[in-house]
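There are 2 protein chains.
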Amino acid sequence: MRCPIRNQLNAGFLGLGSFLPPEVRTNAYWPNGFQQRDERKAFIEIDRSTDGESVALDPDIAAAMAELANDPFRGARTRHVIGDDANPSDLEAEAARVAMRDAGVLPSEIDLVMVVSLVPDQLHPSNAPAVQAKCELTRAVAWNFDLGCASVQPQLIAASALINAKVYEKILMVQSAATSRVVDLTAPVSAVMGDGATAAVIGALPDGYGILGHYSRTDGSLRDGVVYAQMVDGKPQRRWDRAIGPIRLTSLDPASGKAAGARATEFCKEACAGALADAGVSIDEISLFVCNQSLGWFLEACRRSIGVPREKTIDTFAEVGNLGAASLLFNLDRASRTGRLKDGDLVLLYSPGAGFTRTAVVYRWWARRGVR
Amino acid sequence: MRCPIRNQLNAGFLGLGSFLPPEVRTNAYWPNGFQQRDERKAFIEIDRSTDGESVALDPDIAAAMAELANDPFRGARTRHVIGDDANPSDLEAEAARVAMRDAGVLPSEIDLVMVVSLVPDQLHPSNAPAVQAKCELTRAVAWNFDLGCASVQPQLIAASALINAKVYEKILMVQSAATSRVVDLTAPVSAVMGDGATAAVIGALPDGYGILGHYSRTDGSLRDGVVYAQMVDGKPQRRWDRAIGPIRLTSLDPASGKAAGARATEFCKEACAGALADAGVSIDEISLFVCNQSLGWFLEACRRSIGVPREKTIDTFAEVGNLGAASLLFNLDRASRTGRLKDGDLVLLYSPGAGFTRTAVVYRWWARRGVR
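Chains as they are written, first to last, in my numbering: chain A, 1 to 372; chain B, 1 to 372.
Incorrect hints may have been included.
Capping the alpha-carbon separation at 30 Å, the derived lysine-lysine pairs in DSSO-like fashion look like this [to be verified]:
#	chain 1	residue 1	chain 2	residue 2
1	B	K235	B	K269
2	A	K134	B	K312
3	A	K134	B	K269
4	B	K342	A	K166
I should point out that these hints are in silico values taken from the structure, not numbers from a laboratory.
As the structure is a computational prediction, the values presented were derived from the model and not from experiment.
Given the sequences, and given the hints that come with them, work out the whole structure.
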């Protein structure tokens with residue numbers, strides 16, 4: 001069963017955890033016709049140019065979009081929303097506690113916690129110290145480790161290397177999205193974003209498990225496509241140290257945002273092919289493809305582009321929306337808890353992220369007990 | 001010469017680079033009496049309680065402060081300030097180019113760039129993609145890796161582990177401060193902050209060089225002590241997604257900020273003792289102690305607390321001020337370029353950072369050629 005392994009780190013998931021805030025918002029929250037009306041202005045809607053013209057779409061993206069063509073919410077049904085009195089680090093701490101229980105690891109055993117928060121409690125410092133304090137990680141150092149929605153694989157790679165190099169033994173990695181706080185709830189994009197947090201405990205695994213291959217690239221020329229900026233007279237401002245206005249998820253260069261969207265399948269194919277080649281395995285050997293679900297069509301387009309059958313994917317977009325940096329582990333956790341992963345299965349993890357970064361990992365699943 | 005080594009990663013600095021923006025501001029910029037007048041309100045001025053009362057100070061802090069007692073600028077003489085038309089990532093890219101030249105490494109050889117920006121170009125995404133693009137790191141992935149002013153040692157630890165585990169071969173780490181943009185130039189704190197950037201290329205080193213020991217801890221209970229927040233009616237706001245006002249370096253809990261300051265020497269002793277014990281070396285074996293220079297008294301107080309003679313320190317506070325996350329490599333680079341480091345020397349690197357984190361590394365210096 002064990003293939004030749006080129007990049008064996010013998011480290012990986014000891015436990016996973018997810019937390020969704022209790023408040024659920026259904027599509028009934030938005031007024032009738034809401035999303036149709038503003039569709040052409042919607043965030044990273046890539047089937048129209050910035051001038052409103054149709055553009056030539058990759059066939060896999062077009063096919064995935066076609067399935068949702070008559071749905072004003074483009075696949076979204078429900079999404080969880082952080083409570084007004086909660087902090088994003090509260091969601092993170094809840095997910096972290098679940099992951100530590102799942103792994104059977106005590107907070108005092110954690111050497112390092114690495115955190116990415118799409119919407120941190122404060123603009124500085126990051127939420128990493130908040131998670132350290134709230135989870136009582138008495139001996140941990142807290143790193144902010146952030147590649148936006150593409151953070152999980154780099155966190156997993158770094159954690160695995162630190163364990164392989166015997167720098168640390170138990171590492172907690174945490175991701176969250178509380179994006180409802182940076183989109184106006186009157187804006188179309190608000191219907192596709194969901195709030196939630198995920199976490200994993202990383203430790204040493206038996207020989208042959210964990211990361212088998214990886215591939216990551218950043219193309220910073222697209223970095224202005226998706227940003228946070230203050231809005232003044234409806235326009236995003238470049239100088240946040242000077243501008244005075246509400247901070248929103250927006251774009252300083254809509255053409256870059258659309259380019260990243262239009263290249264969704266190109267980036268997916270590149271990253272997944274790179275990780276598979278690095279691992280020395282073929283796409284047919286993959287048991288589960290876990291992917292961000294940025295928009296309703298995203299996972300389906302990616303799946304088609306790399307030739308993974310639908311039954312080897314997991315899709316929770318309709319239920320939770322775009323969980324940003326927390327999408328990947330939310331879906332991996334769901335797959336694990338619903339019995340879809342067995343010991344030795346190969347999992348392909350793919351995420352794009354604002355910046356723009358694409359990153360993929362081929363991972364051999366270790367099932368410590370029962371389902372997991 | 002080689003001591004027994006417990007945590008050998010055989011990776012470390014191949015090259016260093018610093019960049020200071022050309023504009024220099026002297027003390028003459030501030031009006032007469034400026035700093036005396038507001039001294040008791042100054043940022044992390046820990047010799048007064050929040051009520052203005054004197055507090056019992058650690059003797060090492062008191063002695064270090066006493067040396068500056070008659071200096072209204074408390075040791076600051078000049079500081080560089082980022083130009084109005086520059087972005088912080090421009091400083092970072094300049095420092096990165098110098099480091100790559102120093103290492104003899106091409107941009108196309110860099111596998112990973114990790115960046116911390118105390119004042120990033122945008123609130124999201126981080127500057128890491130900007131550095132990737134500006135330096136034409138064609139095959140690199142770009143990580144935002146941020147522990148505020150305590151970022152250098154964690155970046156070095158992660159980079160060394162990634163190289164040791166054969167995940168990557170050449171890693172660029174970058175730090176910057178453009179803090180002049182988040183302090184009002186009428187505020188006392190503006191006189192101690194300086195702008196600049198640093199970078200290092202990390203790669204494999206011969207056996208016995210690089211990190212010998214390390215120690216890092218975060219105490220997130222102090223995280224509200226130093227923050228960025230919008231100011232409304234002179235008061236920092238907790239909800240940045242809602243508040244509308246200028247974003248400034250401030251405190252949501254001045255008592256926590258003062259506590260971190262008052263515990264400066266306690267944290268330094270704890271972290272340095274931890275790193276020395278991990279390395280299995282004594283403080284007397286250290287050739288150079290490199291420390292953040294948060295305020296004029298900071299390095300002197302830390303040096304006294306761990307019993308390092310002044311001639312084994314490097315202090316550029318008067319010249320460049322508090323460079324935040326860039327302080328440590330700026331001083332290490334300066335020490336290297338002025339012939340103060342020879343092959344095999346043991347260096348102790350210590351930084352505290354907002355959050356609150358303290359981190360120390362014992363490092364064996366590798367001199368590839370000549371001075372370095």
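Review point. When you check the alpha-carbon spacing of A:K134 and B:K269, does it fall within 30 Å?
Key: holds (25 Å)
**Study point:** Pair hint B:K342 and A:K166, alpha-carbon separation not exceeding 30 Å
**Key:** holds (28 Å)
Review point. When you check the alpha-carbon spacing of A:K134 and B:K312, does it fall within 30 Å?
Key: violated (39 Å)
Practice item. Mind checking the alpha carbons of B:K235 and B:K269 for me, to see if they're no more than 30 Å apart? Key: violated (35 Å)
The structure does not agree with the numbered hints 1, 2 stated previously, though it agrees with the rest.
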